[in-house]
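Could you build the full structure based on these sequences and the hints that come with them?
Residue numbers (our numbering), protein chains in the order written: chain A, 1 to 217; chain B, 1 to 220.
What the hints contain is simulated information worked out from the structure, not anything from laboratory work.
There may be inaccurate statements among the hints.
[To be verified] Label-pair distances were calculated between CB atoms; the ranges are:
(1) B:T149 to A:E9: 51 to 59 Å
(2) B:R6 to A:A89: 48 to 56 Å
(3) B:K140 to A:T12: 48 to 56 Å
(4) A:A81 to B:Q17: 54 to 62 Å
(5) A:P205 to B:K153: 49 to 57 Å
(6) A:F135 to B:K140: 20 to 28 Å
Beta carbons: idealized from backbone N, C-alpha and C, even for Gly.
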Amino acid sequence: MQKRVSIEEALTHVRDGMTIMVGGFLGVGSPEKLIDALVQKGVKDLTLICNDTAFVDRGVGKMVVAHQFRKIIASHIGTNAETGRQMNAGETEVELVPQGTLAERIRCGGAGLGGFYTPTGVGTVVADGKETREFNGRQYLLELPLRADVALVKAYKADEAGNLIYRRSARNFNPLMAMAADLVIAEVDNIVPTGEIDQDHVMTPGIFVNYLVKEDA
Amino acid sequence: MDRAARRELIVKWIAKQLQHGQLVNLGIGMPTMVANHIPEGVNIILQSENGFLGLGAAPEPHEVDPDVTNAGAQHVTILPGGACFDSATSFAIIRGGRLDVTVLGALEVDELGNLANWMVPGKIVPGMGGAMDLTVGAKKVIVAMEHTTKDGKAKILPQCTLPLTAQQEVDLIVTDMGVIEVTPQGLVLKEIAPGVTVEEVVAATAAKLTIHPELKEMTA
Chain A
1 MQKRVSIEEA LTHVRDGMTI MVGGFLGVGS PEKLIDALVQ KGVKDLTLIC NDTAFVDRGV
61 GKMVVAHQFR KIIASHIGTN AETGRQMNAG ETEVELVPQG TLAERIRCGG AGLGGFYTPT
121 GVGTVVADGK ETREFNGRQY LLELPLRADV ALVKAYKADE AGNLIYRRSA RNFNPLMAMA
181 ADLVIAEVDN IVPTGEIDQD HVMTPGIFVN YLVKEDA
Chain B
1 MDRAARRELI VKWIAKQLQH GQLVNLGIGM PTMVANHIPE GVNIILQSEN GFLGLGAAPE
61 PHEVDPDVTN AGAQHVTILP GGACFDSATS FAIIRGGRLD VTVLGALEVD ELGNLANWMV
121 PGKIVPGMGG AMDLTVGAKK VIVAMEHTTK DGKAKILPQC TLPLTAQQEV DLIVTDMGVI
181 EVTPQGLVLK EIAPGVTVEE VVAATAAKLT IHPELKEMTA
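In structure tokens, the structure reads:
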């Protein structure tokens, strides 16, 4: 199957009401071209799973400004005043999750696990309504996995088979999200022929990736 | 001392405590400044929670790499010997007991070592980011903050009033008035800033404070 498609074709799979994961940390490692195209397309009532809501003019922050989310699951929203405004006005539901817990919930979602126990959040509002359990004298919270209909990730390099390589701190949540969604669209800077990426250097195996889009395509 | 000098005292004091070879995570704001004052000959490894070890100084303008930023989205560098990884690995390092020290800011700290630093209900709700994991995971949690709020209200309390970041995890509170250790017997003032009296520290602290019998002057 040809994985490389146009942005428009890839985004026919993102529809109103879906849950999407978007890679990036304050916009670094976010698929900006896919985000711009989603703003243009105007899909709405989405649930977003992302580390943060970046800035009003960067990363998923642009989709917040365009009112495309019904619910946001993130660890931090403080750099985008519009997210806080929508939350306080009751326009958008926001679920705040500790960053390590968010990463692990996504990893669990991709790894076929039913959940995990973490010491993070014990004795805080994060523990409200969650099972707590003691192991070796320490308290832990049960946290459940997260999955999405579609994950939008950003990689530095792909081969035509969809194998991905990320760069520096632009990796962050991208490889985890690429494993935790029913459909994965990777925006990449470079596409090389299959075989040109050393097997040992692959960070996300191509079997996880459905579509490749290149920034200038 | 003006405000800048008082803040510098805090970060320089903390920088002096860090030991060769330690793995350290510095929070955003004043904690980040600790990196500028690590003593000569002491090599620590700094972790950046967004996914790498070997956090280095800000780059020259012509060396900026848009894919290399710290957890505050500022351009930084990665030192030789550094390593990049995904967010699950980053927090495995944090929760898994590899982190020797984390330095964080605070809105409130209390007698039990409880910390509140991520939200003020109805006012600011930025989110906890990595703070809850860092506080729970690091072997030593150092709070770096000004002793009182801008209006002079106590931030060191008998019991935190704001939503907690973590329960009983703070080890040391370093402020512009002194250094306070969290012990099973409560808070102990161990060092006092130059020009500050014990009575002034006690008055600016709502929590019960024990004065260490060998109280030292806090030097930068």
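Results of checking the hints against the structure:
| no. | hint | verdict |
| --- | --- | --- |
| 1 | B:T149 to A:E9: 51 to 59 Å | holds (55 Å) |
| 2 | B:R6 to A:A89: 48 to 56 Å | violated (39 Å) |
| 3 | B:K140 to A:T12: 48 to 56 Å | holds (52 Å) |
| 4 | A:A81 to B:Q17: 54 to 62 Å | violated (36 Å) |
| 5 | A:P205 to B:K153: 49 to 57 Å | holds (54 Å) |
| 6 | A:F135 to B:K140: 20 to 28 Å | holds (23 Å) |
The structure fails hints 2 and 4 (numbered hints given earlier, in ascending order).
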